[in-house]
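Student: With our numbering applied, the sequence shown covers 1 to 520.
In case anyone wonders, no lab produced these hints; they're calculated from the structure. Among these hints, one or two may not hold up.
Unchecked claim - Simulated pairs of lysine-lysine, DSBU-like, Cα-Cα distance not exceeding 35 Å:
1. K437 / K401
2. K374 / K276
3. K47 / K2
4. K306 / K374
5. K2 / K379
6. K379 / K162
7. K367 / K396
8. K407 / K379
9. K379 / K437
10. K374 / K401
11. K2 / K367
12. K276 / K367
Being a predicted model, the structure only gives us computed values, none of them experimental.
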Amino acid sequence: MKHLEQRIHALLDSDAAATLAGIRRGIEKESLRITTNGTLAQTPHPKALGSALTHPYITTDYSEALLEFITPPSTELHKPIEFLEQLHRYVYSHIGDEVLWVNSMPCMIGKDSDVPVAQYGSANVGRMKTVYREGLGHRYGRKMQTIAGIHYNFSYPEEFWKLNQQLEGDSAPLQDYISRRYFDLTRNFQRYSWLLVYLFGASPALCASFLAGREHDLLERFDHSLYRPQATSLRMSDLGYQNNAQSSLAISYNNLDEYVSTLTHAIKTPEPAYEKIGVKVGDDYRQLNTNILQIENEYYSSIRPKRTINPGERPTTALQERGVEYIEIRALDLNPFEPVGINQQEIRFLDLFATYCLLRESPQLEKCDLHASKENLRKVVYDGRNTATQLCNWGKSVSLKDWATEKLEQMQPIAELFDRAHGGTNYAEALAHQQEKVDNPDATPSARILATLESRNQGFFQFAMDQALAHRDHFLSRQRCDNTNQRLEALAADSLAEQAAGEAADQQSFEDYLADYFRD
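Make a model of the complete structure from these sequences and hints.
Tutor: In structure tokens form, the structure reads like this:
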């Protein structure tokens, strides 16, 4: 704690507030396209939206029906949500009577084969993306890949890093210092991400079709719905993205070199269960390889250190050669009460939370620490709204309520820093709003969802469908910006032309392309 206070006081005494105004933020938001009867759309990615391979803002994730909206990085707080709003309006004008699902846990899905894998064209780079997704389907099932979330991309400006490095008397090359400090942040994020899951978890229930044929210990109620009475985010449970096949992986977040080497080891180590699947059967690829991870992105983590990659470059290579550029926070459910799945207040709190994780002391993560973090997360996922739930804080048992309150109190001077940077009291208010949720669990999104199901006496599916239709009406009833519309139409056309040009120019065989990609 002393470490945290010293750092905050040093920043408050310097001109740090001015540098915080240069933080860059971007959002990636996933949404399933569905039919009006609530099943997964089987139509291809609409041509009017451009090429999913090359469009900078509208693409697909695992499935052809799983849209991904991407905002460009911006230093202006309101820009990401405004841009998301415009993207949604544009998409709704080009998908006919289809609807965008607004919950993290998916719509009604029958068989695994009902989930169409995303297609990216015939060029090698596109084929690789599709084969990778085929591999995910064979390894974990396609249904699991239809879970949607929000990723928050966040980076501090160079001036902020220079100031911190100067205050700490650190003489390392600036990029080495930046990478080290981002890893400090990621370790603390893993220790305290349970707090984000409590505050913003919005998947306490799901459609029974998602777990058909799988064992689970959820309760059934609300018309074909499965839930836990005190759950916050089933998306973050072992039923969702937390993957048993990866549970033995020991990816290190202690420093950049260890992170890259442990991730690389997983990409190069064969896994017997995946060898049984085979890589190529006849002319069809089933996966990119038979290793524990096909590529880096297969590792499901609630936070990733990132670096913008060049065409054909592997993420680990980019990190090793140029260091950490930004972080990607991946622990966020879609908020079904918000049209674009997230609001400005949540963004402000994420700024505070990330900065808290950066500024407080961050010892190395030992195996026992990782185990405690995973166990804390599991408890909050399934029973977090019982705020008397006991969590493990450095070996001591503490109630969720007491620990969350302590964390939020420690963030108050950080909120002061941010309010100095932006003017007003919005950050202090965002923080106070989170304390209200700690004091009153019924104010959390997960509680509001279950309360709505109870009051309407409806199932998860019907609730989610009602929200999806309400948000569709929201987007269709609002004026689209002509300039943005024209820009998106031009980008769609350009992206299709870019994909076609790439396919025409591609002379290398797919086998050689993969060999080159995975070559050391």
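Student: Against which earlier hints does the structure fall short, listed by number upward?
Tutor: Hints 3 and 6 contradicted; others consistent.
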